[in-house]
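Chains A and Z, in that order, give the protein sequences. Under this note's numbering, the residues of the first sequence are numbered 1 to 249, in order. Under this note's numbering, the residues of the second sequence are numbered 1001 to 1324, in order.
Hints are computed from structural coordinates only; laboratory data are not their basis. Don't be surprised by glycine CBs; every beta carbon is placed ideally from N, CA and C. Please note that a few of the clues may not be correct.
Computed footprint of chain Z on chain A; a stretch qualifies when at least three of its residues, placed anywhere within it, have a C-beta under 8 Å from a C-beta of chain Z [said to hold, decoys possible]:
no. : segment
1   : 11 to 20
2   : 67 to 79
3   : 117 to 124
4   : 139 to 145
5   : 168 to 179
6   : 191 to 201
Just a few of them, taken from the derived set where beta-carbon distance is under 8 Å, the chain Z residues facing chain A [stated by the list, open to error]:
no. : residue
7   : Glu1049
8   : Val1050
9   : Asn1117
10  : Ser1269
11  : Ala1302
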Amino acid sequence: MKVLVCVKRVPMTGGRIVLTADERAIDTRFLGSAVSPHEECAVEEAVRVVEAHGGESVVLTLGPSEAEEQLRDAMALGIDRAILLETDGRELDPGETASAIAQAVSSQPFDLMLFGNEAADTGDYQVGVRVAHALGLPCVTGAKELEIGDGRAAVRREAGAGWEVFEVPLPAVVAVREGINLPRYPSVPGRLRAKGKPVERSQVAGSGAGLEMIRLALPEDRGKEVRVLGRGPEAAAAVIDLLRDLGMV
Amino acid sequence: MILVLVEHDRGRTNELSLEALAFGRQLAERVSEPLHALLVGEFARPLAEVAHAFGAEVVYLALADGLEDYAPLAWARCLVDVVEREGATCALAAASERGAEVLAHAAALMDEPLAANCIAVEPADPWLVTRQRWGGSLLEQARLSGRVRLLTVAPHAVLAEEAPSPATAELREVTPELTERDVEVRVTARVERGAGKLSLSEAQVVVGGGRGVGGPDGFQPLEELAGLLGGAVGCSRVATSNGWRPHADQIGQTGARIGPELYVACGISGATQHIVGCKGAKRILVINSDPEAPIMAQADYAVIGDLHQIVPAISAALRSARGG
């Protein structure tokens, strides 16, 4: 079983987003980087599938040179090797990103290609689907449960008050949601081993964006005034007054 | 012509699809083109009336073997068929799980760009879109090119208002040519989940806990308060990543979006990931030891101090106020 998992480096935004002066990016000078939450779970799922069925797991990212950090993080959790499709820093649009990924893996086919459902930053919800089309593979998104067996993948996803079940033959593309598993923490030996694992680098350039970012803007503030009801447990009385006003007492 | 895909589950549509219809109608008026709608599968036939009420002059009903239940690629094939045959200049759907998925397949089939989570469109040359990033914590202005403009509409970008006067009703049945591949991925079974627990997205009171709660046991007083208020307990991503709570309890960009009358946020600093999930609450009461925590910017009310003392004190006061 050969499993590929695709991740994207995004800033850890914390509590407040600050833009750069040209309003074309988030000011990341004081921020760390991570992969999107859905993708953390995709990495864990890739490791688990290979633990259960044997084979090889590979992590791929498209991004700046610094994204090697996210590849090492994934390898620290048990991914075997990595592919870095290095950009010059420009953000490729979803179509360009998918073409570059499909091209990179066309010479090394995988049985299962895992994606996060949508990236935390751009939320495009389409790179995995486009890669599936480029490679002629079936695709299921929104996966909250994945079962592999007999050359097939059974996927469950949330729908209203229950689950929808999809089944596809492998090879296939599956986009997963956070909650499909609880990712493990990297161990110290895992981190050490990750340093020695191979990263295959190549340069990619976009072919021209069909969706081209002009500028970013912060949404308008709610402009709310906070009313401090008090400090410590003595404030409970003021909270009860509030609940009474809301008709909850 | 502006084409809107009206999403449904075995004949039941949803609020987001009605919003997409309203969004499509406003766009159609601006470019002086008619609004058309697409329904997929026999189950959806009764929804034609709804689409007409929202201003769709022509409603296409796609019928073929394999369309009995949801099949993302087949639905996209139906959309592309109508777009190509009837000459749509723009096709859109709600940015729901299904809407986003079908439009992504359609974009891949047509090799066109797709702008996800749009809140506004300026149909100039080229088209300019404003769309959400980071679950709405950030907005992006972008140029959208393409022979056919494809987009999904972010939740609550517009109100789901019917047209002032309904369109003249025309229902056209269409028969898309589907291959086996197109219907290979489809809903093959459904599993109902056990009823009982109040769902976060429906609860009128939500008590949420974050890092400040300190561990799984720390949620007990929150459970008690939520119980007294007839509400549900939620948490921030820190609590699910640490395994303190199941992921189903997570409020946030990758969890549930809530909209209660009152949200009580206990020991939650207020990362954008969490704010995306709770900003739909009508009132937010923050209980936090740090008066400078980012979540204060979202708060209507605050109590400053240790949640481990404050939450039980509120429960006790609530009991005595109720006379027992």
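Here is how each hint holds up against the structure:
no. : hint       : result
1   : 11 to 20   : holds (count 5)
2   : 67 to 79   : violated (count 0)
3   : 117 to 124 : holds (count 6)
4   : 139 to 145 : holds (count 4)
5   : 168 to 179 : holds (count 5)
6   : 191 to 201 : violated (count 0)
7   : Glu1049    : violated (23 Å)
8   : Val1050    : violated (19 Å)
9   : Asn1117    : holds (6 Å)
10  : Ser1269    : holds (6 Å)
11  : Ala1302    : holds (5 Å)
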